[in-house]
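Asks: Residue strings, one per chain:
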Amino acid sequence: MSTEKKSNKKKNRTIMRSVILLLLVAAIGYTIYNSVTADEVEVLKVGDAAPDFTLTDLDGETHKLSDYEGQGVFLNFWGTWCEPCIKEMPAMASQFEVYEDQGVQVLAVNIAQSNFEVETFARQYGLNFPIVIDRDKSVMTAYNIRPLPTTMLVNPQGEIQRIVTGEMTEQDIAGFMEEIKPE
Amino acid sequence: MDKLICKCGHENPPGTILCESCGRPLNEQEQDKKLADMRYEGTARRSQTYNKSIIDKIWNFFSSVKVGVGIIIILLIAAALGTILPQKQYVPATTEADIEAYYTDIYGSVGTVYHALGFHDLYNSFWFISLVGMLAISLIIASLDRFVPLYKSLKNQRVLRHSSFMHKQRIVAEGPGDADTLKKAEEKLTGLKYKVSTDKNGLLAEKGRFSRWGPYVNHIGLIIFLFGVMLRMMPGFYVDETLWIREGETRAIPDAPGYVLESKGFTLETYTGEGEEEKFGEAIDRVGTVAKNYQTDVVLYKIPEGALPGDTADMEVVEEHAIRVNQPFKFDGYALYQMDFQQDELKTMSFELQNKETSESRGELTIDLVNPETTYELEDGSVVELLGYYPDFSGFENGEPQTATPLPKNPGFLVKMTTPDTPDGETSFITIQNTVEPLGDNDYKLAFQGVETRDASGLTVRKDRTLPILGLGGLIFMIGVAQGMYFNHRRFWIQQQADGSILLAGHTNKNWFGLKKDLDQVTEHASLPTYRDQQEDMEAQEKREGEQLT
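Those protein sequences? They're chains A and B, same order as listed. FYI, numbering that gives the first Met the number 0 numbers position 62 of the first sequence as 61, with every residue one higher than the one before it. FYI, numbering that gives the first Met the number 0 numbers position 486 of the second sequence as 485, with every residue one higher than the one before it.
Please note: incorrect hints may appear among the correct ones.
[What the hints assert, rightly or not] Pairs of lysine-lysine residues, derived as DSS-like cross-links and limited to a Cα-Cα distance of at most 30 angstroms, are as follows:
1. A/K9 to B/K408
2. B/K187 to B/K199
3. B/K187 to B/K154
4. A/K9 to B/K151
5. A/K8 to B/K263
6. B/K2 to B/K56
7. B/K2 to A/K9
8. B/K154 to A/K10
9. A/K10 to B/K2
10. B/K151 to B/K199
11. B/K33 to A/K10
12. A/K86 to B/K33
Keep in mind the hints are simulated off the structure, nothing from the lab. These figures come from a predicted structure and were not determined experimentally.
Chain A with its partners taken away, still in its complex shape (with noise of 0.2 angstroms):
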């Protein structure tokens, strides 16, 4: 056998060896990319656009997320036994106040509980901002909302800016307002 053959061969069986080697490698390394991350597939992330949904505040009037495109939206996922939720409240209505003229809207997402319960906190607390209720949980499924408080910042572009989980002060609420905020 000649020695250029012998050699092509050689070459044939290396690249042969390394391709079928880079194929189970890059099988085994995106299995373990998507196990590693298995619990943020299915969770939004910063960038991803918000998912729209429609649901019916205190008033009876229907909120849809993409009607608000253009204003900055602060989505707030609460309820009234969860304590942090309460002790946010005040702030992000005083905040309110001084945003929503610049175009920053309040939209609190309240996690399946009565109209009753939601009304009395409501005017105890003297909130301003819409309260809807997400009956069925289907919002909150498809925001895969686990602890509460979370607040979804959604950019006027309807993009995710931000995801906080557990309570804010009033001067997070403040900045986090600021970031949203249409130009």
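Mind docking chain B on chain A? Use the hints.
Replies: This is chain B only, laid out in the frame that chain A set:
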């Protein structure tokens, strides 16, 4: 390394043990052996021949059966470690910090170490998946490395083999023969369903070659199976979620976009021991109650195409269904299983408005704990007004009643009662155990009358698109096993030498008894010389030598 040139002139790839053409042993070690190593037909395992570049070295590593077995052992040990303490998904905690605390609290320092080492989520850890992946690589490469040369060798095998090859087979016969011996042998072997090919003065009879592919077929099955398991981690292929739904509730089904479920009711039936069930009477007396049926009656809705989450106005009923244990509700690739239940959660509470002194009733009211109303108008102008409702009252904070959860486990009500006697109204805070009158003594009270309850169903939402793939992998695996186990590759080489004598050799990959039975028939029909089993001869000799020594 250079090609090995056999005495017969055939060029063999480096590493070959037995000449591909004539079967002569090609190295001294093999020449000294009494029986030839026929496992891969004496071919060169490809990886052993080249060991130059880094790619070759990696390839060789995975080609080794020892490495493969090593990976399997490590995997077994690792998988066993994961069963010592419960995995994190079976721990009653949701946040990372809670999970960590749980292991320490329940299992002490062992639990702390277990969690620190990451064993609480072992099967999803990158190193465990890497090991499974390495096993897959090992399966593929080791198979390729052996299958290709074996296939080539069996495809190109020659009829005539060198006498040294024949003599090194386990079954050998040598002796005088007649002019028609080969012809008669061919006749009989064909009758026994052997494929016979002849060349000059020899014949090769072969049967069941496909049995040799068994191990490779079952490796293909395993690879498909592993591929199916890998797919489970891709979004959309596998869903395993829990959905708690209470009677009367309507809930979006997690990870099933567009589907909404309503619970019409949960039923737990037990055996009564009466009528037809009388025969169970004794068993029921012994153990108390025996459950007969766990059932959730549901209505499945679908939100129309293009409708948004939360837009329930145009929901369409898909189906009404009863979900029972082991009888899941299947739709659109999803299955809902009855997994758990919780009975007798509070649903409504009834009270009577009574004058404390005279016990005179001003009428009754029922508060729906799921959806309470603001005012309850009673007889003769009495009104009970609900000022506050705390479904799971947990105490006061800054004078404010608090609720721990949204579920009516321990309802507390702040009410204002107005009657014609007390037109200004009286305020009372009522919980199940206790009534507080924060603004002074009242004339009237709400006397507890009764409750209605409802049940909650714990359903599992599951979708598994990988099952057909896993099934296919399992089927191919079993075909491979059957192929390798229940069929044998049997071969006979017969040659009539120049002096008219017969030289015969026989080989099978398993079941030598069956091979000998075939050969007995051929020997009888064609009057072949008597064969001997060289391995049995060797064993018998070793035994004799052993006995002499003792």
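Asks: Name the hints, by number, that the structure is in violation of.
Replies: 1, 5, 11, 12
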